[in-house]
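K.L.:
Sequence:
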Amino acid sequence: MQKLLAYPLSFLYLILFGLCLLIFHPIQWVCFNLFGYEAHRISVALLNLCLMRSTQVLGTTYTFSNPHDLPTDRPLIIVPNHQSMHDIPPLVWFMRKHHPKFVSKKELGKGIPSVSYNLRHGGSILIDRKDSKQALMEISKLGKFIEKNNYSAVIFPEGTRSRTGHPKPFKTIGLKLLMKNAPRALVVPVSINDSWKLLKYGKFPLGLGAHVSFHVQRPIEIKENLDTVLTEVEKAVVSGVNSFK
Numbered sequence: 026m027q028k029l030l031a032y033p034l035s036f037l038y039l040i041l042f043g044l045c046l047l048i049f050h051p052i053q054w055v056c057f058n059l060f061g062y063e064a065h066r067i068s069v070a071l072l073n074l075c076l077m078r079s080t081q082v083l084g085t086t087y088t089f090s091n092p093h094d095l096p097t098d099r100p101l102i103i104v105p106n107h108q109s110m111h112d113i114p115p116l117v118w119f120m121r122k123h124h125p126k127f128v129s130k131k132e133l134g135k136g137i138p139s140v141s142y143n144l145r146h147g148g149s150i151l152i153d154r155k156d157s158k159q160a161l162m163e164i165s166k167l168g169k170f171i172e173k174n175n176y177s178a179v180i181f182p183e184g185t186r187s188r189t190g191h192p193k194p195f196k197t198i199g200l201k202l203l204m205k206n207a208p209r210a211l212v213v214p215v216s217i218n219d220s221w222k223l224l225k226y227g228k229f230p231l232g233l234g235a236h237v238s239f240h241v242q243r244p245i246e247i248k249e250n251l252d253t254v255l256t257e258v259e260k261a262v263v264s265g266v267n268s269f270k
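Residues in the sequence shown are numbered from 26 upward in steps of one, following the working numbering.
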């Protein structure tokens, strides 16, 4: 019965989702080209708030728990597990004062209203998964960019999303490269739970009534031994993922 109800509600969600992207695309263009970076950043944050709100027709609720006073005067490297595309809007909205920039696959850089424009103009990077040299160069540039501007980089070290919520082993090369190029950064592990339930039936229909939670773990300073930091970060992220317990 719930899956049957999910079909019309998912259709309504997709309409709202598409409208958000179409409406905010020209808003982003105006903000970026006429008013500059800060206006564009605000428009992107509001876009992602609207994308979160559009999932409410599916009965989706969100909890974002951050008991830590994260600094805004130094760069951050935000390291979450990855369960679905629905991980991203809450990270952008709730971490907006830290100017989050994403490590994204190049395929997202064209053809998607609002999303592609922001990835190309908002400071995020687009990597070619088939070209490791290009990917590593772009990640190094992002590290230097956040180091210079006290922004934050968001990287999903699992590489691809988990379709069951169970964490995948971290691929550490990109994260290590960010740390090398942003040595002042504070590494912020984030545990995400239950966003995979929105895709439990596949791409359509979407799951109903998911409660998606984000928990910001204790920040970790970058040490000389980066492998030690990587182990600490992965352990912290996994410790807060319910499906792993």
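Source of the hints: derived by calculation from the structure; they are not laboratory data.
Heads up, some of the hints might be wrong.
What the hints assert, rightly or not - The calculated label-pair distances, taken between Cβ atoms and stated as ranges, are:
#1 48 - 90: 29 to 39 Å
#2 229 - 98: 43 to 53 Å
#3 43 - 250: 41 to 51 Å
Claimed, not checked - The calculated EDC-like cross-link candidates involving lysine to aspartate or glutamate, where the alpha carbons are at most 20 Å apart (straight line), are:
#4 193 - 246
#5 130 - 94
#6 193 - 252
#7 201 - 153
#8 201 - 183
#9 201 - 156
#10 173 - 132
#11 260 - 183
#12 205 - 98
#13 248 - 259
#14 166 - 156
#15 201 - 259
#16 248 - 172
#17 169 - 94
#18 122 - 63
#19 166 - 153
#20 173 - 98
#21 131 - 153
#22 173 - 246
#23 173 - 252
#24 166 - 259
#25 201 - 252
For every residue, glycine included, the Cβ atom is placed at its ideal position computed from N, Cα and C.
K.L.:
Against this structure, judge whether each hint is valid.
P.N.:
These are the hints, each one checked on the structure:
1. 48 - 90: 29 to 39 Å: holds (30 Å)
2. 229 - 98: 43 to 53 Å: Hint holds: Cβ distance 44 Å, inside 43 to 53 Å.
3. 43 - 250: 41 to 51 Å: At 47 Å between Cβs, range holds.
4. 193 - 246: violated (23 Å)
5. 130 - 94: Roughly 31 Å separates the two Cα atoms, so the pair is violated.
6. 193 - 252: holds (18 Å)
7. 201 - 153: holds (18 Å)
8. 201 - 183: Roughly 13 Å between the alpha carbons, so the hint for residue 201 and residue 183 holds.
9. 201 - 156: At roughly 18 Å apart (the allowed maximum being 20 Å), residue 156 and residue 201 satisfy the hint.
10. 173 - 132: violated (27 Å)
11. 260 - 183: holds (13 Å)
12. 205 - 98: Roughly 19 Å between the alpha carbons, so the hint for residue 205 and residue 98 holds.
13. 248 - 259: holds (15 Å)
14. 166 - 156: holds (16 Å)
15. 201 - 259: holds (12 Å)
16. 248 - 172: Holds, because 16 Å separates the two Cα atoms, which is no more than 20 Å.
17. 169 - 94: violated (24 Å)
18. 122 - 63: holds (11 Å)
19. 166 - 153: Distance ~14 Å between residue 166 and residue 153 Cα, so the pair holds.
20. 173 - 98: holds (11 Å)
21. 131 - 153: Given pair residue 131, residue 153 holds - Cα atoms ~6 Å apart, limit 20 Å.
22. 173 - 246: Answer holds: residue 173 to residue 246 is near 18 Å, not above 20 Å.
23. 173 - 252: violated (24 Å)
24. 166 - 259: Violated, because 23 Å separates the two Cα atoms, which is more than 20 Å.
25. 201 - 252: This hinted pair holds, its Cα atoms lying about 8 Å apart.
Figure legend: structure checked against the earlier numbered hints; hints not met, in rising order: 4, 5, 10, 17, 23 and 24.
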